[in-house]
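There are 2 protein chains.
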Amino acid sequence: MPKLDNYRVPLKGPVHLADYDPAATPFAHGTVKAQEKDLKMLNKQLAQLMRPLQGENKRSVLLVLQGMDTSGKDGTVRGVFKTTGPQGLRMATFKSPSKEELSHDYLWRCHAVAPAKGEIGIWNRSHYEDVLVPLVNRWITPQIAKQRYAQINDFERLLAENGTTVLKCMLHISKDEQRVRLQERIDVPEKRWKFSLDDLTVRKQWEAYQQAYEDLLEATSTTHAPWYVVPADNKLHRNLMVNTLLNHCLLDMQPQYPVDYPELVGLQVE
Amino acid sequence: MPKLDNYRVPLKGPVHLADYDPAATPFAHGTVKAQEKDLKMLNKQLAQLMRPLQGENKRSVLLVLQGMDTSGKDGTVRGVFKTTGPQGLRMATFKSPSKEELSHDYLWRCHAVAPAKGEIGIWNRSHYEDVLVPLVNRWITPQIAKQRYAQINDFERLLAENGTTVLKCMLHISKDEQRVRLQERIDVPEKRWKFSLDDLTVRKQWEAYQQAYEDLLEATSTTHAPWYVVPADNKLHRNLMVNTLLNHCLLDMQPQYPVDYPELVGLQVE
Numbered sequence: 369m370p371k372l373d374n375y376r377v378p379l380k381g382p383v384h385l386a387d388y389d390p391a392a393t394p395f396a397h398g399t400v401k402a403q404e405k406d407l408k409m410l411n412k413q414l415a416q417l418m419r420p421l422q423g424e425n426k427r428s429v430l431l432v433l434q435g436m437d438t439s440g441k442d443g444t445v446r447g448v449f450k451t452t453g454p455q456g457l458r459m460a461t462f463k464s465p466s467k468e469e470l471s472h473d474y475l476w477r478c479h480a481v482a483p484a485k486g487e488i489g490i491w492n493r494s495h496y497e498d499v500l501v502p503l504v505n506r507w508i509t510p511q512i513a514k515q516r517y518a519q520i521n522d523f524e525r526l527l528a529e530n531g532t533t534v535l536k537c538m539l540h541i542s543k544d545e546q547r548v549r550l551q552e553r554i555d556v557p558e559k560r561w562k563f564s565l566d567d568l569t570v571r572k573q574w575e576a577y578q579q580a581y582e583d584l585l586e587a588t589s590t591t592h593a594p595w596y597v598v599p600a601d602n603k604l605h606r607n608l609m610v611n612t613l614l615n616h617c618l619l620d621m622q623p624q625y626p627v628d629y630p631e632l633v634g635l636q637v638e
Numbered sequence: 369m370p371k372l373d374n375y376r377v378p379l380k381g382p383v384h385l386a387d388y389d390p391a392a393t394p395f396a397h398g399t400v401k402a403q404e405k406d407l408k409m410l411n412k413q414l415a416q417l418m419r420p421l422q423g424e425n426k427r428s429v430l431l432v433l434q435g436m437d438t439s440g441k442d443g444t445v446r447g448v449f450k451t452t453g454p455q456g457l458r459m460a461t462f463k464s465p466s467k468e469e470l471s472h473d474y475l476w477r478c479h480a481v482a483p484a485k486g487e488i489g490i491w492n493r494s495h496y497e498d499v500l501v502p503l504v505n506r507w508i509t510p511q512i513a514k515q516r517y518a519q520i521n522d523f524e525r526l527l528a529e530n531g532t533t534v535l536k537c538m539l540h541i542s543k544d545e546q547r548v549r550l551q552e553r554i555d556v557p558e559k560r561w562k563f564s565l566d567d568l569t570v571r572k573q574w575e576a577y578q579q580a581y582e583d584l585l586e587a588t589s590t591t592h593a594p595w596y597v598v599p600a601d602n603k604l605h606r607n608l609m610v611n612t613l614l615n616h617c618l619l620d621m622q623p624q625y626p627v628d629y630p631e632l633v634g635l636q637v638e
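Top to bottom, those sequences are chains Z and W.
Just so we're aligned, residue 369 is where the first sequence starts under my numbering, counting upward by one.
Just so we're aligned, residue 369 is where the second sequence starts under my numbering, counting upward by one.
Check the hints yourself; a few may be wrong.
As the list makes no split between identical chains, a pair holds if one copy fits it or if it spans any two.
Claimed, not checked - 30 Å max Cα-Cα, derived DSS-like pairs, lysine-lysine: (1) K559 x K485; (2) K562 x K426; (3) K485 x K562; (4) K371 x K467; (5) K562 x K408.
Simulated from the structure, these hints should not be mistaken for lab results.
Input sequences plus hints: build the corresponding full structure.
Here is the structure:
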């Protein structure tokens, strides 16, 4: 079994995405069929672990999903939470900020949808978009970006210290794989709605985004909110790895149903 | 195949819950195994129908789940949305209103979590609690309740006229079945967190609540937002019926992926 630690971004030192092969499949074992079976088991276990988390009603988990267009954020949500049902999940998909959102600080809209006690929060994109996009497009200076990393670390520490386990996944795909997936969105009628011509503009900024991601991972992988680089060219592997991470996290937390109800001993409903 | 129409509350005339057998299983056919297979198929079809709804991004569905304690609101959410994943769903669970919520009109907190275009909204309890609970406890007069029914009809018409298909399910259980389920929550350690001593107080008001439900169903079953009475003593039947209803609704809506993308013809990603 490969160690999740190998994919956790170190707390110190520069990050090189080139060190992580996007096509690697360290968390996938055996045939595709065997992998699908493993995923099914993880799905089931996750659904089971969510119940005592809700019952305990004291702590929460926040799963942040980041990655380039087509890196599989939507697919990860579908694959990892396939059998949990929506109950106990608080899902947020962050798009370009609205006027109202822009009239507040960039963490405002995120804080509003943070998971409550007992819940797993899923952020499909996140506050990190508010560093990546403006930085690459030079709407903010590197100094401002640096300031934001510090603000983000503070914000995530606030969440962590108040009972939220923060897990952050960068879904790591290759530029070639993105070409294939974007082309698919153009060619397959049922996938066209996911495509925007802006995606091609962003693709032209690939190298700038990879650089921005490296800076971001270096600046914001902390003990209280670590980043994991998830090799994501292989979709099944991606789902297996994120689900393994989440399951490990919940097994570590060991959520417990509350048991001390002296007032209920021997109580009969009439 | 039984008609869903038989369980849709008529637009006019008094409603008698006694006319609906809570133990009936009109939407369950064959062995338990066969029923589970049917539910699996419905789950799968629902997941498939949700994708074009998201792709189309024009309309939405709101599923309101009401019922006495232990009637299976949570279980319905788990059973019906077992394989859809959380994406495209907007789930809201309404508890006793907070001070902030009480400082607004009772529809304020509901409106805030209405489904966006492309989404299915799921309300686990709803604005109807704000008639039922205060009416049974005599915090509001029948006149105020009547006023609220009219306000609710207006509110739901607003949603419907702006693209939301509103479906309302009253999960109908017998008083005996509630006793069994409450006792289970007391006796089974993993279920205790779902039990509150207040539940027994509410159980003592069973008849008053049934009466309040009858009045409510009569006043707020409309063409734009019909109520369905779902026999819910049998959990599998309950899930089958609600899922059948939702599938019918989506099949009727026929959500379509947008197809007209002239700018994408022949486009090659570099």
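Here is how each hint holds up against the structure:
1. K559 x K485: between (36 Å within a copy, 18 Å between copies)
2. K562 x K426: between (37 Å within a copy, 15 Å between copies)
3. K485 x K562: between (33 Å within a copy, 15 Å between copies)
4. K371 x K467: neither (43 Å within a copy, 47 Å between copies)
5. K562 x K408: both (27 Å within a copy, 27 Å between copies)
Hint compliance for this structure: hint 4 alone is broken.
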